[in-house]
Amino acid sequence: MTFTDGAGVLVLGVGNSLRADDGVGEAVVERLGGVLPPGIADLRAVYQLTPELAADLAEVALVVVVDAAAGVPPGEVVVREPDAASLGEPFSHSVDPARLAAMARALYGASPRMLLVGIGPASLEPGEGLSPVVAAAVDVAADTIAAIIRER
Amino acid sequence: MSQTIVIDPVTRIEGHSKITIQLDDRGEVVDAQFHVTQFRGFERITQGRPVHEMPALMARICGICPVSHLIASAKAVDDIMAVEPTPTGADLRRVINLGQIVQSNALSFFHLSSPDLLFGFDGDPAQRNILGVAAANPQLARDGIGLRKWGQQIIEWMGGKRIHPEGIVPGGVAFRLTEEVRDRILAGVPDALAATERAIAWYKSDMLRWEEEATTLGNFRSAFMALVDRQGNVDHYGGWIKVIDADGHALAEPIDPKHFNDYIGEAVEPWSYLKSTFWKPMGYPDGIYRVGPLARLNVAEKTGTPRADEELEKFRWRVGRVASSSFHYHYARLIDTLHAIEKIELLLRGPEITGPHTRSTAGINRNEGIGVSEAPRGTLMHHYKVDDDGLVEWVNLVIATGHNNMAMNRAVLQVARHYVKGDRLEESMLNRVESVIRCYDPCLSCSTHALGQMAIKIDLLAPDGRVLSQLAR
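Chains A and B, in that order, give the protein sequences.
Anchor point for the first sequence: position 48 equals 38 in our numbering, and the numbering is continuous, going up by one each time.
Remember, our numbering sits 1 above the position in the second sequence when you count from 1.
Hints were generated in silico from the structure; no laboratory data involved.
Glycine included, every Cβ here is placed at the ideal spot set by N, Cα and C.
A few of these clues could be false.
From chain B, some residues computed to sit far from chain A (all C-beta separations above 10 Å) [what the hints assert, rightly or not]: (1) Gln153; (2) Thr216; (3) Lys315; (4) Leu348; (5) Leu349.
With the C-beta cut set under 7 Å, the calculated list includes, among others, these residues of chain B facing chain A [as the list claims (entries may be wrong)]: (6) Ile131; (7) Ile146; (8) Arg149; (9) Lys150.
Start from the sequences and build out the full structure, keeping to the hints where you can.
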């Protein structure tokens, strides 16, 4: 779903809100909808990164991918650039951020800056709602992304 | 010594499954089975829920075709409420359903199957995916991405969300279509038509490369089933069920979808969670038939739209009036897509499409309801029974992939007999066995019994059941 339309910046909240903290990406883009002035960024919640998003990457200068990050302590927010050296297994339904950026380059000649914002999950079991430690990190992640967008 | 080959999981399809191939003492293929190995159980977990919740619950069966389940479910609840959607509501449902057809057909052809057609069935497995297509034929990849995106946008703009939209409700649709959204969708029609026609031209120019596959990938005589309109043309939303035999003769007068149970039976095998449906007058397993894009073109007189009808004429000139090879699902899927785009434009240019009357309302007026529509993969049937308070007591879902189950099994057997030699498993054989399954574009999530991405494993078994060889992804 799209929360706001905006030019120049695309924020993708990735994950499934029916898998507990995997919904943190959606929660962050919802929160950003209340933080950012209208028209500043295109905010979207998606279940996964799909090849179709390559066309959208071609229309912006900055892409922020927000997702639960396995291996990060619960509630901790980390920001990094995609690692092109560790491309995931190619699959036709979903792609990893680096591969998506590569597709945008190959198909549309686009090279937007891409940043990954990861939030460590406490639970990825079936069920709605974020665990308290992850819910508390939503504002931190949203403020971090807002700062990145402001300072770009 | 006889052996069994198992492919587990099958890749580039929707859901999880495996394939078992049984060899005899001489190493000849004697049997093959396509197993759906995961269970979901929507027919049970929805019991006790208020029936007006059913469309939204049923949409959760699948992330690829939520609209198809929304449509069939909403129609079943229409039946329970004893109402017809308003004309505008029905046309809006048709447009969203066709948007679903476009995006799902694009996923099947461009993302899942075009890698085989582009790189060959013996090509490097590392290349055979949409990313490989992007590198080798960027225009083809851009066309696939563009078509899928446009179909998804139709669903999002008209249904509220791209995945699991909420706009389709009992009685019609929840939202009025604005002129702004209508025009935004219409603006994408020329590009969508051009992309599809480019793909058709590319496919036709390359067809001769695949003569052997067209002969061996699921090429057999069977009946076909699809919905048709009053003129006998393709109808993805309503109309009548028409079933023809392998020579094109109607097996019955056009059937009111509400009476499908009189003609369609369901069988269960112990080796799969996917039910097998059959044409009751011929019994099980003789009553084999196929559904989906190939069936829609075989069953209908025409598509009913000019560009698609022109391509249909060429299709029939090339592959016959009733195409028997499952390989031609790919070609048919492109023509089906072309028709869907043309039909979307026709419907959106209708004078009442932005009208205010989008929904009929009523309470529980019947204890039983049936809804039938064409999903991308074929005819989809939802059948519910409710109590006087509208609480769901019983659900049966008859899914396109179930209709095709016997055909897929027969196709796997045919491919295995042609390509499997001796007791050695080779990548090219594995890919051809998978690719015949991909022709049907099965959705195992939609068959209510699977979740996630499909993977494949082939086991080669000895007569005593020992696994002699195994290939897996």
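These are the hints, each one checked on the structure:
1. Gln153: At about 7 Å from chain A, Gln153/B fails to clear the 10 Å cut-off, so the statement is violated.
2. Thr216: 27 Å, holds
3. Lys315: 28 Å, holds
4. Leu348: 24 Å, holds
5. Leu349: Answer for Leu349/B: holds, closest chain A Cβ roughly 21 Å.
6. Ile131: At 5 Å from the nearest chain A Cβ, Ile131/B passes the 7 Å test, so the hint holds.
7. Ile146: Result: holds, 5 Å to nearest chain A Cβ.
8. Arg149: 5 Å, holds
9. Lys150: 5 Å, holds
Of the numbered hints given earlier, the model fails hint 1 alone.
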